[in-house]
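Straight run, no breaks: the sequence shown in the numbering used here ends on number 907.
These are calculated hints, taken from the structure and not from any lab test. Quick caveat, the model's predicted, so the values are computed rather than measured. Here a beta-carbon is modelled for each residue, glycine too, at the ideal position from N, C-alpha and C. Possibly wrong hints are sitting among the right ones.
Claimed, not checked - The calculated lysine-lysine pairs, modelled on DSS-like cross-linking and capped at a C-alpha distance of 30 Å, are:
id, residue 1, residue 2
1, K690, K708
2, K708, K808
3, K808, K831
4, K560, K540
5, K515, K560
6, K823, K808
7, K540, K891
8, K690, K769
9, K835, K767
10, K767, K560
11, K560, K769
Claimed, not checked - Label-pair restraints from in silico Cβ distances:
id, residue 1, residue 2, range
12, K708, Q837, 23 to 31 Å
13, Q826, V542, 38 to 46 Å
14, K708, V495, 35 to 43 Å
15, N565, Q826, 22 to 30 Å
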Amino acid sequence: MKKTAFIFFATFLLLNISCINSQNTILTPLKSNFNFKSREVKSTLIINQTFLGNWERNYYGNEAPDNLNINWTCLLGTGQTRVGANLVKWSGAGWTGQPLMVKLNNELFIIQGAYDHHLKKIRVSDGKVVDQYEYDDVIKGTASIWQKVDENNNFVDFLILQGSRKGLQYSLNSPIVPSYRAVAFSNMQDVWKYNSIKMRSYSRDVDASTVIINDTAYLGLENGLFIVFSPDPKDAQIIDGILQPLIYDVDTLFYPSDANTHGGNLVTEASPTYMNGKIYISSGAGHVFAYNMKTKNIDWVFDTGSDMDGSPVVTNDGCLIITIEKEYISGQGGVMKLNPNLPPNNAVVWFFPTKNKHFALWYGGVIGSVGISDSYSSTDNLAVFIAIDSFLYVVKHDEIDNNILVFGPMKKFQYSTPKLVFKYQTGPSISTPIIVGNKIIAATYNGVYLFEYDENLNFKLLSHQDLGSFEATPFVWNKKIYVAGRDGLLYCFGN
């Protein structure tokens, strides 16, 4: 996509050694004052490094339990945020809010962003908060973790990259909104902050989780920008009075014409996804973009016209599964499988529309992402998702129902649809249901559900915990399920 003159200018400012901005502020590069020191450790392991586990967004843990017994709860607390002109209180954690897990010195820890404005380090053995870092607003989204090593490839520290809402003390027009930050795991202190600049979008929050390939990070922001940057504090520089990461490239995830149809809703909440040398990302402006890591250009764009908040998921057959909301389109929202190796006009493998239904701020479609079985089975090829229409759906993403053709989101074309193998009324959800082995875990506004299926794809409900509203996505490890609720608690369920 062609970059605007403004973006080129912003990138020039960030990359040059010394220059003047519009407020006549001197921009001077400065090495980070955070000293990463090597230390001996028995073992280090990043168990799930980002939202939906990996850069392909298709791994959710190792072994699921067969029950939803509560092992422990951890109080995440309550914080204020601003919705429009009103201050409101939110509790626990929400979208996308998936706990990340690391192992250090044979001790497991959870990294969890919370609505009380704190990024928390939680000991897995007993659910106790052992340290935390305070942001300027409630934390939405899920972090990504980068392992810092020294020149001898020895472990130094885990670096946690996490976004938040813009900050109670800031307005949309504030010159600085540091809503994306890197926090050192060892002492839970920030090592740099990123200023999400004002664009045509109505948001300067950061909900998405970054993709980090080697020492380069890729991220879409709610202001509508796509940035490529170094996560390493040693590359950071002082800009406008704060230490900011080194930016390699900047692009836009909307066209000027999108403002005519979407207004200020040019927001990117979806996390980028990596596949075969490209970064794929869904934009709220109604497009799926492919950023070519070699040419450093966007070279493939698929248009849906609708808002899209779910992250693209990579399947074993080299395709993407995306979710589509019912907004700005004449047709229905739902789930779509794309083959990005084909031209956009021929890329649709299938489309599964869901029913239109008004719930909260939504009118239908699928808000969260899709869970798939591909990391656990080479033959099941299942995709699971929950729609605003209150149903959980499981389809065979590699099989077409030859008896049905459906209209696409814009009602311009008809597409094949996949074989439906299971449907259950869980109530609506914006969380992403996950498949681990032969179990499905679904967090909804009506509590948490645990399903099991056999080799013949016969499904049954194993357990349901009616504990109120859940918007966050669960994660599974060693027969335990970890998921945050809107009641202020992080839950550990299972054996």
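Tested hints:
Taking the CA atoms of K690 and K708, the gap is about 9 Å. The hint holds against a cut of 30 Å. A distance of roughly 35 Å separates the Cα atoms of K708 and K808; the hinted pair therefore is violated under the 30 Å criterion. Of the supplied pair hints, the one linking K808 and K831 holds, its CA atoms being roughly 5 Å apart against a limit of 30 Å. In summary, the hint linking K560 to K540 is supported, as the alpha carbons are separated by about 25 Å, within the 30 Å threshold.
For the hint pairing K515 with K560, the CA-to-CA distance comes to about 14 Å; that is within 30 Å, so the pair holds. About 24 Å separates the Cα atoms of K823 and K808, which keeps this hinted pair within 30 Å; it holds. Among the hinted pairs, K540 with K891 is consistent with the structure: their alpha-carbon atoms are about 19 Å apart, no more than 30 Å. This hinted pair does not check out: K690 and K769 have alpha carbons roughly 35 Å apart, beyond 30 Å.
For the suggested pair K835 and K767, the alpha carbons sit about 13 Å apart, so the restraint of at most 30 Å is met. This hinted pair does not check out: K767 and K560 have alpha carbons roughly 46 Å apart, beyond 30 Å. At most 30 Å may separate the alpha-carbon atoms for a hinted pair to count; K560 and K769 exceed this at roughly 46 Å. For the pair K708 and Q837, the beta carbons lie near 46 Å from each other, so the given range of 23 to 31 Å is not met.
At roughly 55 Å, the beta-carbon separation of Q826 and V542 lies outside the given 38 to 46 Å, and the hint is violated. Remark: the range hint 35 to 43 Å for K708 to V495 is upheld by a beta-carbon distance near 37 Å. The hinted range of 22 to 30 Å is not satisfied by N565 and Q826, whose Cβ atoms lie roughly 54 Å apart.
The structure is inconsistent with the numbered hints 2, 8, 10, 11, 12, 13, 15, although it conforms to all the rest.
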